[in-house]
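J.: Chains as they are written, first to last, in the numbering used here: chain Y, 28 to 219; chain F, 8 to 635.
A portion of the hints provided could be inaccurate.
Said to hold, decoys possible - No farther apart than 20 Å at their CA atoms in a straight line, the calculated lysine to any residue pairs in the SDA-like style are these:
no., chain 1, residue 1, chain 2, residue 2
1, F, Lys-441, F, Ala-428
2, F, Lys-368, F, Ala-99
3, F, Lys-13, Y, Val-82
4, F, Lys-13, F, Pro-47
5, F, Lys-77, Y, Ala-170
6, F, Lys-77, Y, Val-168
7, F, Lys-615, F, Leu-581
8, F, Lys-129, F, Glu-423
9, F, Lys-150, F, Ala-136
10, F, Lys-77, Y, Arg-42
11, F, Lys-160, F, Gln-113
12, F, Lys-133, F, Gln-155
13, F, Lys-159, F, Arg-198
14, Y, Lys-126, Y, Ala-151
15, F, Lys-133, F, Gly-431
16, F, Lys-13, Y, Gln-81
17, F, Lys-77, Y, Ala-83
18, F, Lys-120, F, Thr-145
19, F, Lys-403, F, Gly-335
20, F, Lys-77, Y, Ala-151
21, F, Lys-13, Y, Lys-126
22, Y, Lys-120, Y, Phe-134
23, Y, Lys-120, Y, Asn-145
24, F, Lys-133, F, Ile-250
25, Y, Lys-126, Y, Val-100
26, F, Lys-13, Y, Ala-84
27, F, Lys-32, F, Glu-423
Worth flagging that the hints you see were computed from the coordinates, not collected in a lab.
Take a look at the letters that make up each chain.
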Amino acid sequence: MNDHSGPFLLVNPDRCMGCLTCEVVCAVAHSRSGALSAAMVAGETLSPRNRVVQVAATRFPTQCRQCEDAPCVRVCPTGATYQTATYTAVNQKLCIACKLCMMVCPFGAIHISSVQVNSRSKPAAVKCDLCVDRADGPACVAACPTHAISLAHPRAVMNEANQDSAQRFLAALQAQDRAANAVNRTTEGTSL
Amino acid sequence: MSHSPKSLVRSIDPATQEMLDLTQKAGIETIWDRFDAMQPQCGFGETGLCCRNCNMGPCRISPFDDAGPKLGVCGATRDVIVARFLDRMIAAGTAAHSDHGRDIAQTFLMAAKGEATDYKIKDEVKLAALAAEFGIATEGRVKAEIAQELGKKLLGQFGQQEGALAFTRRAPLKRQQLWTTLKIMPRGVDREVVETMHRTHIGVDNDAVNLILQGLRTSLADGWGGSMIGTELSDVMFGTPTIKRSAVNLGVLKTDEVNIIVHGHEPTLSEMIVAASRDPEMVALAQKFGAKDINIAGLCCTGNEILMRQGIPSAGNFIQQELAVATGAVEAIVVDVQCILPSLVTVAGCFHTKFITTSPKAKFTGATHIEFDEKRAYEIAKQIVRAAVENYRFRKPGQVHIPNVKTDCMVGFSVEAIVHALGGSLTPLIDAIKKNQIRGIAAVVGCNNPRTQHDYGHTTLVKELVKRDILVLSTGCNAIACAKVGLMLPEGAELAGQGLRAVCQALGIPPVLHMGSCVDNSRVLTACAAIANALGVDISELPIAAAAPEWMSEKAVAIGTYAVASGIFTVLGLMPPILGGPAVTDLLTNGAEGVVGGKFAVEPDPFKAADLIEAHINAKRRDLGLAV
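Please model the entire structure based on the sequences and the hints provided.
T.: In structure tokens form, the structure reads like this:
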């Protein structure tokens, strides 16, 4: 059963230096060689699944939000794009590179690139898969030199927000109590 | 005429806007398109926090206190990394100017020895003055002999190992003593560049202040060394610039003539191209192919060199080079070194234009290379001009689009020309400053940069300064920007404040004086030194300032640094990659003033930059007991 708690990549734009390291390690993590120099020597097409954008002076990486009612899944005519319990995936064997998923993605997070399927080079949709096959989790999270990217779990984020707001609420309550007490003391003082 | 919004954002110059509309329509990629495609640019590089000096790196220091590494792999702090990189930029800039200076000195010596017969000792007065300055006997000696001794002496400055560079003696004694005390007196041009490269190697100088001091010394080897040698010997060989009239902007290209653009920096090549273009044989050949004549136009600083010496019009500044070719009216763009966009190969490929490289130091894949040799200078120049003339028949009239935009200008204000205009000495200028007719002097210089709207920073700052009765000395790409908007015409005085206007009108000069190329910033140093010496004060005590509103090159970093090290307050319009090093940033924008009397400020808003310069000039006037 899906409890809607799949993780996603959370970015802090205040931290991003726009260095594109996340793009490079993303491409490398999804390369056959698995290392930048080896992939370059092998002449592999390196294609990142994320993209650093700039809005005014702020830069930050954008990638798939792992939507749970994903337009890319709904629109796919061959069933290549599908939903797992934790992320939206592409079965490149089934993909016919029709670009419909590209058209409907509101985040521009999916595109067509050359991939190897059964030793055959073919165009297929590629998107962020949260590096599910990587033991240490997403490569971009590990590589970001300023820790601007993290893997967020919705429940944990929610819990943290609950805790934060609860603490603020309690603090405000206590402050109000203290103020009320102080007023009471003053009032008592004058009545004497 | 209405231009595309993109063109309007990119430049304030109508000729540039018109050509940008055209390149956008034709799908010709320009420097602006590549700048846009490059966004976002890496914040580590932008703040100077990326170090690639050894193969343990690349190292990137996080500017955030609570995340990421704080030291390089070797242990270098962010200030050390920033200082090392800044020093390397200064060394590269110094190397560029100085290698130009060395080429000039070598050609000069060859000419004096009779080995490069196409070059002459044109200015004997300046030769005599330099001989006197260097204690070279002139009695009973022919000019070739004097020139040989001078040439050897100045060429020797590059490899000098000890002592002080000879031209530093032009600086006020106080300034020289300060440099000696601070141990930043430049010893030899090459030595300072080499030592900077050594010190910034892994594990050598790891004190940010000590590194910056060496950066200052290296830059001084540029301003008072390589650049000054380049300027002075160019003057002797090609003539010290005198006041003359010309025109600037893309409209100087002609529809019915062979257009040859000379682009780059050293006058050695451009002067010969100009001479060869006047050869009757070449003109006849041009006419045979149906052209009326041969038209030479400059670009960048070699353009400034022939503009101020020969009155040859300039087609524009740095960022217009691709657009000049895109007019489709250029038979050849002939280049030597520095600030030449490699993309010219592609743009020239869209037209009949030949892109001709000439320096063994600067080859461009896809260009036609006709190697220049000073010993056969005229012959090679003729070969280049012939190639251009023969190319005229391949011009496609349907592709030709020359904006009808050009502006007249008055140029050629060498220190000697200024003194001459003032009636034989700098005293009238100094008196005007004392009387507060002219409140001070600002040298506004430097490049263009697609990071900021083309010519806006240059012209807005200069207009603001002259409005406030501050006389502007201008070189490089700022000079062309000012000329384009009429600031270099005597009528430009109408834009000046009352005091400056009266002085300009009395002398018949513009409020912005064209002092030449970027190497010619040494003329600014010579002028400042002469004024300081006349007043018996140090350069740092004068009501003067410098600015580089649209800078981009490493040469500009060297220039800004030698201005500061010479005691001049310098305002940059764009931030250099130093913000990642808080101690270095504070030293350059604050602490330096207490050490060398000059400092940097960074202010992108030209109006605020003018405020900073005005406030500085007022403070210096007060200190000198002059009215404000």
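J.: Take the hints in turn and mark each one as holding or not.
T.: Hints and how they fare:
The suggested pairing of Lys-441/F with Ala-428/F holds, with an alpha-carbon distance near 19 Å, which does not exceed 20 Å. A C-alpha spacing of about 15 Å is found between Lys-368/F and Ala-99/F, which places the hinted pair at or below 20 Å, so the restraint holds. In summary, the hint linking Lys-13/F to Val-82/Y is supported, as the alpha carbons are separated by about 17 Å, within the 20 Å threshold. Between Lys-13/F and Pro-47/F the alpha-carbon distance is near 18 Å, which keeps this suggested pair within the 20 Å criterion.
Under the criterion of a C-alpha separation no larger than 20 Å, the hint pairing Lys-77/F with Ala-170/Y is consistent with the structure, at around 16 Å. A C-alpha spacing of about 19 Å is found between Lys-77/F and Val-168/Y, which places the hinted pair at or below 20 Å, so the restraint holds. Of the pairs offered as hints, the one joining Lys-615/F and Leu-581/F holds, with about 13 Å between alpha carbons and a cut-off of 20 Å not exceeded. For the hint linking Lys-129/F to Glu-423/F, the alpha-carbon distance of about 15 Å falls within 20 Å, and the restraint holds.
Between Lys-150/F and Ala-136/F the CA atoms are separated by roughly 12 Å; this keeps the pair inside 20 Å, and the hint holds. Proximity of Lys-77/F to Arg-42/Y is assessed by CA-CA distance (about 15 Å); at most 20 Å being required, the pair is judged to hold. Straight-line distance between C-alpha atoms of Lys-160/F and Gln-113/F comes to about 11 Å, which keeps the hinted pair within the 20 Å bound. Under the criterion of a C-alpha separation no larger than 20 Å, the hint pairing Lys-133/F with Gln-155/F is consistent with the structure, at around 14 Å.
About 18 Å separates the Cα atoms of Lys-159/F and Arg-198/F, which keeps this hinted pair within 20 Å; it holds. Taking the CA atoms of Lys-126/Y and Ala-151/Y, the gap is about 9 Å. The hint holds against a cut of 20 Å. Proximity of Lys-133/F to Gly-431/F is assessed by CA-CA distance (about 15 Å); at most 20 Å being required, the pair is judged to hold. A C-alpha spacing of about 18 Å is found between Lys-13/F and Gln-81/Y, which places the hinted pair at or below 20 Å, so the restraint holds.
The suggested pairing of Lys-77/F with Ala-83/Y is violated, with an alpha-carbon distance near 28 Å, which exceeds 20 Å. With a C-alpha separation of about 17 Å, the suggested pairing of Lys-120/F with Thr-145/F holds against the 20 Å cut-off. This hinted pair checks out: Lys-403/F and Gly-335/F have alpha carbons roughly 7 Å apart, not beyond 20 Å. Taking the CA atoms of Lys-77/F and Ala-151/Y, the gap is near 41 Å; set against the 20 Å cutoff, the hint is violated.
Of the pairs offered as hints, the one joining Lys-13/F and Lys-126/Y is violated, with about 30 Å between alpha carbons and a cut-off of 20 Å exceeded. A hinted pair counts as satisfied when its Cα atoms are at most 20 Å apart, and Lys-120/Y with Phe-134/Y does not qualify at roughly 24 Å. As the CA atoms of Lys-120/Y and Asn-145/Y are separated by approximately 9 Å, the hinted pair is consistent with the 20 Å bound. A distance of roughly 16 Å separates the Cα atoms of Lys-133/F and Ile-250/F; the hinted pair therefore holds under the 20 Å criterion.
Among the hinted pairs, Lys-126/Y with Val-100/Y is consistent with the structure: their alpha-carbon atoms are about 12 Å apart, no more than 20 Å. At roughly 19 Å between alpha-carbon atoms, Lys-13/F and Ala-84/Y fall within 20 Å of each other, so this suggested pair holds. Our distance criterion of 20 Å between C-alpha atoms is broken by Lys-32/F and Glu-423/F, whose separation comes to about 47 Å.
The structure is inconsistent with the numbered hints 17, 20, 21, 22 and 27, although it conforms to all the rest.
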